[in-house]
Amino acid sequence: MEALWLSMKLAACVAAILLAIGMPVAYWLAYSNWRGKFLLESVVALPLVLPPTVLGFYALVAMGPRGPLGKLWIALFGHGLAFTFGGLIVASVLYSFPFAVQPLIASFEGVDRRLLDASAVLGSGGLRTFWRVILPLSLPGMVTAAVLSFAHTLGEFGVVLMVGGNLAGVTRTVSIDIYDRVQSLEYGEANRMALVLLAISFAVLSIVYAVNRRVWMPWAAK
Amino acid sequence: MGGEVNGKMLIAQIRKERRSAGASNFVLDVSVEVSPGITILFGASGAGKSTLLDCVAGLLRPGQGRIVTGTDVLFDSDARINVPAPKRRIAYVFQTLALFPHLTAEENVAYGLKDLREEERRERVDAILKAFRVEKLRKQKPGEISGGERQRIALARSLITEPRVLLLDEPLTGLDAELKAALVDDLRAWNTAKGIPILYVTHSRDEVDALGERVIALDNGRVVSAGAPMEVLNAPRRKKLAQAAGFENLLSATVLDLREADGVMRVRLGDSACEIEVPLGYSAIGSRVQVAIRAGDILLATERPQGLSARNIIKGQIVSLEQRGTMVIARVDSGALFVVHITPGAVRALELAAGKPVWLVLKTHSCHLVD
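Those sequence lines, one after another, are chains A and B.
Residue numbers for the first sequence follow the numbering used here, so the first one is 1 and each next one is one higher.
Residue numbers for the second sequence follow the numbering used here, so the first one is 1001 and each next one is one higher.
Honestly, the hints are just simulated from the structure, not real lab data.
Each hint should be verified, as a subset may be incorrect.
Claimed, not checked - Chain B stretches covered by chain A per the calculated footprint, using a threshold of three residues with CB under 8 Å from any CB of chain A:
| id | region |
| --- | --- |
| 1 | 1077–1089 |
| 2 | 1220–1227 |
| 3 | 1332–1338 |
Unchecked claim - Across the chosen pairs, the derived CB separations fall in these ranges:
| id | chain 1 | residue 1 | chain 2 | residue 2 | range |
| --- | --- | --- | --- | --- | --- |
| 4 | A | Ala75 | B | Asp1076 | 49 to 55 Å |
| 5 | A | Pro24 | B | Gly1046 | 33 to 39 Å |
| 6 | A | Arg35 | B | Val1068 | 49 to 55 Å |
| 7 | B | Glu1144 | A | Pro24 | 29 to 35 Å |
| 8 | A | Leu76 | B | Gly1143 | 46 to 52 Å |
| 9 | B | Ala1193 | A | Trp34 | 27 to 33 Å |
Said to hold, decoys possible - Partial pick of chain B residues on the chain A-facing surface, computed with a CB cut under 10 Å:
| id | residue |
| --- | --- |
| 10 | Val1032 |
| 11 | Asp1054 |
| 12 | Gly1058 |
| 13 | Arg1061 |
| 14 | Ala1098 |
| 15 | Gly1112 |
| 16 | Leu1113 |
| 17 | Thr1161 |
| 18 | Pro1163 |
C-beta: ideal position from N, C-alpha, C; glycine also.
Working from the sequences, and respecting the hints, build out all of it.
Have a look at this one:
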């Protein structure tokens, strides 16, 4: 149960951080006219196709005591980043990035441009338009982004193993715990945890689909 | 509204190219002056009306030009001035209205009043909701409101900010005549106090007749004519404009002879033997011209009329009759095919039917030359 709690905590932190970072990135990707935009789009989508071990490997190297991120972290906090909960968060944020950013882009792009024009001619700059118009109208996308990055982080294995190792209570997440138990032939325990993950994943996806079916769109015309 | 408030005039000289994949480049190149009161911007779709409004509002950046209201320069390509849209104080009601779907009518209307104290904001919202007769809808969201009321709320939302210019992009499409007239009355009433220039886009001739103090006709990115509605619309100089303005008959013709003393010339319609007299144009004998005739300006007779001042009396035969509401559209073949609008009563009284021979009667000055 300790492992499950740790996974939940990790997933919640990652989802929160991703929403915060994902919004400006998605905003820029949705509305910029820059020609080289496709490059950034590719970078954002990279974790979708990259093997988790590759991503984990580079994350580990960067976080090591000689890597740029590791050095910075040691200078700031006096200890390394690899094999810590903080390190897991950083790696997971990278790994789940597309799961947060892509639904956000889709929902920002779905907002009628004329509403943004209307906001502008009524005297509102970009920031106020974002808070008062884009964000409320992108609520389903926000929920999807949060839920998907939560669920994706909950189930990750390769990256966590590379960056975090397997330290009970620090970096042993639920998927690694399941793997551990299978290795030591504790099938009953493994099954219990696996079922919990299955149930959570199903619940989470149901939320995503319900939201995208506009079950929760209070302003939609009846 | 004449010269007393010239200071508030909107003057826009705009050149804007729009590239679109496939189609050829569209160039808007216009110079317009809009004085206080309602000016109609008229033209077929694709003529550049919305592009012009977007440039004035600051949503599109012109390639070159200068946009001024009163003494304030909003855009000047030479001086590198480009006031951003939120700071222009130009109200714009879009064709789609663009009401915020997640906000109530009241919140929509208050949207532009961000810097006011709560009480003052309340007062102004109350006043304008009342002026546009939508105060009972204040707590409703746009999705729950009828089309005409949405249009009123969109107008109220734009006008509450005390704009210096109001741009309306076909805001009344889809309203029936009565609702439209009521809304326009409310708009006029509001503007008698404010006296701002209102640029009203439409492609509907009825709206031009109902509203216009002044009309600017746009075609293919150029101003083709400007002035009082009657002058602009009754003398179409371009084919597309003629069609948009409700000239159902557009006939190509060859000039036969010029009678300069009478101010007329004779033309032959198409390849037919049918000749008519039209106002004198800047055309040489033998050259091709386009003649535009409104279907409602043509008379039908079952016998050859005598003693009429009308110069063109043409024999033909009814091809078809088609009832449209309270109007009957008759097609008459007289070598060239004419469309004539008549009343159902006339059809009964004259016992008109397909195949029946008739005479078409046309005044010379009902025939307009289009270049």
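Verification of the supplied hints:
1. 1077–1089: holds (count 6)
2. 1220–1227: violated (count 0)
3. 1332–1338: Violated, because only 0 residues of the region 1332–1338 of chain B bring their Cβ atoms closer than 8 Å to Cβ atoms of chain A.
4. Ala75(A) - Asp1076(B): 49 to 55 Å: 51 Å, holds
5. Pro24(A) - Gly1046(B): 33 to 39 Å: Check passed, 37 Å falls within 33 to 39 Å.
6. Arg35(A) - Val1068(B): 49 to 55 Å: For arginine 35(A) and valine 1068(B) the Cβ distance comes to about 34 Å; the hint is violated.
7. Glu1144(B) - Pro24(A): 29 to 35 Å: About 34 Å separates the Cβ atoms of glutamate 1144(B) and proline 24(A), which means 29 to 35 Å holds.
8. Leu76(A) - Gly1143(B): 46 to 52 Å: 50 Å, holds
9. Ala1193(B) - Trp34(A): 27 to 33 Å: With Cβ atoms ~46 Å apart, the hint is violated.
10. Val1032: 19 Å, violated
11. Asp1054: Since the shortest Cβ distance to chain A is 8 Å, the answer is holds.
12. Gly1058: With Cβ-Cβ at 8 Å, under 10 Å, it holds.
13. Arg1061: With Cβ-Cβ at 12 Å, over 10 Å, it is violated.
14. Ala1098: 4 Å, holds
15. Gly1112: 4 Å, holds
16. Leu1113: 9 Å, holds
17. Thr1161: Nearest chain A Cβ about 6 Å off; hint holds.
18. Pro1163: Since the shortest Cβ distance to chain A is 9 Å, the answer is holds.
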